[in-house]
Amino acid sequence: MSNQSSVEILTEWDIVAARQLGRNVAKELGFGTVDQARITTAISELARNIYLYAGQGRIEIQQLTENGVKGILIIAADQGPGIPDVRRVMEDGFSTSGGLGAGLPGVKRLMDEFKIETIPGEGTDIRATKWLR
Amino acid sequence: MNKKMAGYIQENSTEIISKWQELMKNEKDERSFQVMPTDLMNQTSKEFADLMVSNLLESHQAYENRLNDFAEKVVRLGWSITFVTKAINHFSEVVFEGMQEKGLITKDNFSDFYKEFNNWIIPIRDSTIDTYSKTWERTVSLQKIALQELSASLIPVFDKVSVMPLVGTIDTERAKLIMENLLEGVVKHRAEVVLLDITGVPVVDTMVAHHIIQAADAVRLVGAKCMLVGIRPEIAQTIVTLGINLNEFTTTSTLQRGVEQALAWTNRQIVEVEE
Numbered sequence: 001m002s003n004q005s006s007v008e009i010l011t012e013w014d015i016v017a018a019r020q021l022g023r024n025v026a027k028e029l030g031f032g033t034v035d036q037a038r039i040t041t042a043i044s045e046l047a048r049n050i051y052l053y054a055g056q057g058r059i060e061i062q063q064l065t066e067n068g069v070k071g072i073l074i075i076a077a078d079q080g081p082g083i084p085d086v087r088r089v090m091e092d093g094f095s096t097s098g099g100l101g102a103g104l105p106g107v108k109r110l111m112d113e114f115k116i117e118t119i120p121g122e123g124t125d126i127r128a129t130k131w132l133r
Numbered sequence: 001m002n003k004k005m006a007g008y009i010q011e012n013s014t015e016i017i018s019k020w021q022e023l024m025k026n027e028k029d030e031r032s033f034q035v036m037p038t039d040l041m042n043q044t045s046k047e048f049a050d051l052m053v054s055n056l057l058e059s060h061q062a063y064e065n066r067l068n069d070f071a072e073k074v075v076r077l078g079w080s081i082t083f084v085t086k087a088i089n090h091f092s093e094v095v096f097e098g099m100q101e102k103g104l105i106t107k108d109n110f111s112d113f114y115k116e117f118n119n120w121i122i123p124i125r126d127s128t129i130d131t132y133s134k135t136w137e138r139t140v141s142l143q144k145i146a147l148q149e150l151s152a153s154l155i156p157v158f159d160k161v162s163v164m165p166l167v168g169t170i171d172t173e174r175a176k177l178i179m180e181n182l183l184e185g186v187v188k189h190r191a192e193v194v195l196l197d198i199t200g201v202p203v204v205d206t207m208v209a210h211h212i213i214q215a216a217d218a219v220r221l222v223g224a225k226c227m228l229v230g231i232r233p234e235i236a237q238t239i240v241t242l243g244i245n246l247n248e249f250t251t252t253s254t255l256q257r258g259v260e261q262a263l264a265w266t267n268r269q270i271v272e273v274e275e
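Top line first, the protein sequences correspond to chains L and R.
Numbering-wise, the UniProt record's numbering puts 121 at position 121 of the first sequence, and it's gapless, one number per residue.
Numbering-wise, the UniProt record's numbering puts 139 at position 139 of the second sequence, and it's gapless, one number per residue.
None of these hints come from the bench; they were simulated from the model.
Incorrect hints may have been included.
What the hints assert, rightly or not - Simulated pairs of lysine to any residue, SDA-like, Cα-Cα distance not exceeding 20 Å:
#, chain 1, residue 1, chain 2, residue 2
1, L, 115, R, 210
2, R, 4, R, 160
3, R, 46, R, 22
4, L, 108, R, 210
5, R, 176, L, 11
6, L, 108, R, 240
Bound conformation, chain R alone (with noise of 0.2 Å):
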């Protein structure tokens, strides 16, 4: 029955691939099909109809690893899922209607016919999905693991002194690795003063100021002063309305007015040099 499907399709290759696209061009949020050009739409159309079709005439071992393949390269394509599961449907209903037309599917097969189909066409959209599910899952872990290497490192600018830059939304985990961060940098730079600086915070609500002040809890813990820099005026102002106290901080507009402050507590200071 396979086979007969196999002759089928490849026989009438031509005709089912316009029916198909024309169908495909219906779609109305597809755009990625009516912008391509002619002949790479006519060249990826075949490859699709080809791949379709392998899946007939292999052998159950080869099978899998066919599956894989098809849908490691739809998800090259570059299609959308919607998009993707939509071609595939659109393929078979094709099939299907062009079989009954020229009598192939009667009433008498019908139940066998439908059943073949099934196989043929569930596994492959199985496949298709968890492909496609399984190259966002790494995607997303790969910028994951990207952020989190951005996310918190601390800065030793001058002897003693050390800077940590936020940037971006603060969400627990990141509260987490900020507070590490701190404190090992604190230990392995040897520094005095450290300072946290939110100007690139968006939003300081009370989970945020919670980690803050229990990061500079922590760093007094391991002897070393915190100070908050880099507070916009409507930070300061929701700070202030939101009723968080941070009268045990010393806080600083400008991470430049912090830095001299931190020079200060360590008995420094810059000076210009006359010539």
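Isolated chain L, as found in the complex (with noise of 0.2 Å):
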């Protein structure tokens, strides 16, 4: 089962409107106020990403039943330039941009399941999953 919402990121309030529409599908679901900001905070990085290296695309949030266990599903879909070299993006203190350098690497630790699929030039998506324990 899943029950899908998304939001167009264009522009940098974009991301403030994405982790809204996560932080109220993961109050929904019953996250505690800790994870419902490891889930915000991850859609932020998420979003950010996007606004930041490929200038446009979406997040969406689904909600997921999986062995009578909850969870949330982020999907950042983009068909920006594409990372290069994913490895080196999941290193602690790797940014291209003068950032820190934890936002990817950070948002796996932020959530259970982390997935990336990238290819330079044509887009990059990641989904990530947090289940409701």
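Join the two chains into one complex using the hints; note that each chain is given alone, in its own frame.
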């Protein structure tokens, strides 16, 4: 079962809209405040990556139910330049924009499951899941 | 030809308006029209129709002013923009069909009338949309200014101690403003300790953290100390999970503790007075 909604990321303010949506869904599913903060922060990171590197894309929020366990799935998809070296961006402290370089590895730690698919020149698709325990 | 059209509309205005109202009522998503009391609806409809007709009768010089006037008035009625464009379309539809029925528009002059109608309707629509977007732009820019005024003020609470409460989302523009106000304020108030209060910041992601770290570094350069206060438990956990290093900071959970710490740094303390 899945129930989805999405936000287009075009401006910096869409990041706020995306995480607002995520927070509402997380709250609805019954996540506690700490997990809500984790989920919204993860969305914030992913949405900002889209805004900074791809220019535009979309954040999709899905509600999942698997074996009776509920969860939230964040999909961040864009048709941007892609990531040439995925292993490096997953290292802590690597950044091409002068940031902290904690974004993607941070998201991976914030969530339970993390999958990244990227093709240079074609785009990036990141899926991150958090299960309600 | 304009006169013919205007004449027709004026002669049959009641009929046109009632037909047009019927069409508008059928617009499903239009609550504004359905909730309106009947007499008020009739009055606004009449006004709207008058405005539509007046554009036909005016001379070219007065036309532009009239158009702007019209758009301003329509905007002031508080209708949504989709509703207004629909209203304009329906109005011209009703008039066109009515004139066809009366035999004023025939197969021979159809294309001429078609052109006339476009000349009549398109400028009205354009200027309405234009006025709408201008009104919105004005509102947005005013709100932006209002937000900026609220967004980052440094408050001197004690001698040498200042607080900057941050409330709401921090974007790039605001981060810049925070930095500027922070540095300016530190110098102006001769602060030795600045407390950055993030109680009101909903999400602290790597970008926000990055901006805070930069601001603190800059504060250090002008000779003051920066303290991060108001870190909620859930924010503390996400910061740790993200792997953001705030070791160089003194951080406290509440503003109150932060103030106590700041006073201790400047060799002062709050004591209860015995009577």
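Here is what the structure says about each hint:
1. About 25 Å separates the Cα atoms of residue 115(L) and residue 210(R), which puts this hinted pair outside 20 Å; it is violated.
2. Proposed proximity of residue 4(R) and residue 160(R) is contradicted: the alpha carbons are some 79 Å apart, above 20 Å.
3. Restraint check for residue 46(R) and residue 22(R): satisfied, since their Cα atoms lie roughly 14 Å apart, inside the 20 Å limit.
4. For the hint linking residue 108(L) to residue 210(R), the alpha-carbon distance of about 19 Å falls within 20 Å, and the restraint holds.
5. Proposed proximity of residue 176(R) and residue 11(L) is supported: the alpha carbons are some 17 Å apart, at most 20 Å.
6. Only pairs whose Cα atoms come within 20 Å are accepted, and residue 108(L) paired with residue 240(R) is accepted, the gap being roughly 13 Å.
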